Amino acid sequence: MSEKDFQAHEIRDQIHIDYKYTLGGQSKFFIDLKNDKKLQGTRCKKCGKVWMPPRIACSECFEDTEWIELPHTGEIMVSTIVWYTTSDFIQKVPYAVAFIKLDNADTGMLQGVFSENLVPSKIRKGQKVKAVFKKEGERKGKMTDFFFVPENEYENWISKPEYEGGE
Amino acid sequence: MAIIGVGITPFKARYMNRTYFELAYDATKLALNDANENGASISHKDLETTVYGIYNELFERQFMPDIFINSYIGMNNKPGTRIASGGATGGYTVRMAYSEVASGLSDLCLCLGVEKCNDCYDEKTGTTTPEVLNAIAYSADMTYEYPMGMMAASSYVSMVNAHSEEFGNPTEKQMAMVSVKNHGNAMKNPKAQSPMEISVDDVLYSRIICYPFKMLDCCLYSEASAALILASEEKVKELGIEQPIWITGVGAANTDCFIGNREDLGRLYSNINAAKSAYKMAGLDYDNIKEQIDVAELHDAFSGQEVISYEELGFVKFGEGGPWIEQGYKNSGEGPWFEGELPCNPSGGLIGCGHAVGATGIMSTGEAALQLRENAGEHQVPIEKGRAISHSIGGPGAAYAAVIVMENEEGISNK
Ligand SMILES: [Zn+2]
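Those protein sequence lines, which keep their order, are chains A and B.
Residues in the first sequence are numbered consecutively from 793, following this note's numbering.
Residues in the second sequence are numbered consecutively from 51, following this note's numbering.
None of these hints come from the bench; they were simulated from the model.
Covered stretches of chain A, going by a simulated chain B footprint (3 or more residues, C-beta under 8 Å): (1) 872-879; (2) 885-896; (3) 900-907; (4) 933-944.
What you are looking at is a predicted structure, and each value in this text was computed from that prediction instead of being measured.
Cβ atoms here follow ideal geometry from the backbone N, Cα and C, with glycine treated the same way.
With the hints as extra help, turn the sequences into a complete structure.
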């Protein structure tokens, strides 16, 4: 077919699906986060590995795990600061994301790191961080109910009207 | 078995005159033409089975897009299966096509990848990219990671930043050198989307995406299709193929998609395992691989990841990837540069060619095959050993990896 005089026809469209999905065996993590600002990991009954995010079975031993409440403090394993991103988040740049290993956990979870000093030298490996939560009523039992801040900014963040400390 | 035909459409930001299945048809026709120039005399009716590499239903705005291609390319009433493994879709599709022929299920198999991302459109910014990135971000864990604003670049940058913390490299300058190399190589590739003659400073002062990746450290998303025709040894003889490119090694592995579960954040054991098993199958030595191959087409979705891949694929020791690209920047004849000791991405790679996800690894494999036929065009590199590799990675945390080893007749007899 000739490409000359080609004219394309475009149609505007969306794909939209609503969900009400179950968290299955991990439900306790989200319920305790929402109600009590607890960070519940799981510990393998056989090897003792502490999973965070939690798993109700240990993927290494194929054995059951048990719930274990973890402290709200931890350390950045690796991080970045995002300046350009997806359509859902582009209004929020810059923001920092980091893999954070909670004290006593063996695996790291992805979370946002909020800071008054959003620079690579402050948000980096080894930085001690502490969890800050949305106020009761604002928490929905989702990962966005909390975030981390550098330890030395903790008091400052929990004094803001929209947030509170957990412990 | 051998690759007997290669078809690659130009990688472009946008094909206004093609749907994804029309693009898939174009690459199939190109691959058939190439096979026929390579001694065969076949049509689409001779193809016995198809393996489709298509990453993202949201790009194509169609679930099960493979069956619509199957209809369009005249493959009704024959077997066809689809592979979707993120950025590694292409490499994994070659692996499955290899299995189709190696198992004896098929003697003539079409390996076909396509992607058309830029139908996604962000109404708020009036541009495509944020919505393309959103369609990709749904590949992250939807409960724990997507809500944090995780995306492809922030996932890859985690590996690179962890590597830099451990070894002090790649530095931002060394990463920029990968960008200079691959954009520069693309100048010689007429199918490339982003040919550019640029400097290290041009990269360093381009727009920040996520620290320390800048705009020019990142590949662009493309629309394109790529196809290979694979034939069994018997079929190669029967058809009288002049330059069969034998697939002698196929390796794949998936590392943990949750980066926080990994013991070493600064490397992908998937790459290491995929490379080791592919080399072993081909009878090559991981510790001396650089001396055993002529060229490598790598998965440089982001400049820093190419540097780490030099190490994971065994070209240099861990921690020496950054210095290796820098050596070649200073001294022609060294490093992964076009004139270097092991040219990496003479096609321009993803940074130079663009990234049409499902098609990319098939393009890389096809490019390596054309190099071994000394038929790559202006970006042909010297072929002495008769061996090449292609490499694909992708998915959440770049968890998927595939490595393919190819050899021409000399490569096989050199062993
Ligand atoms: Zn265990």
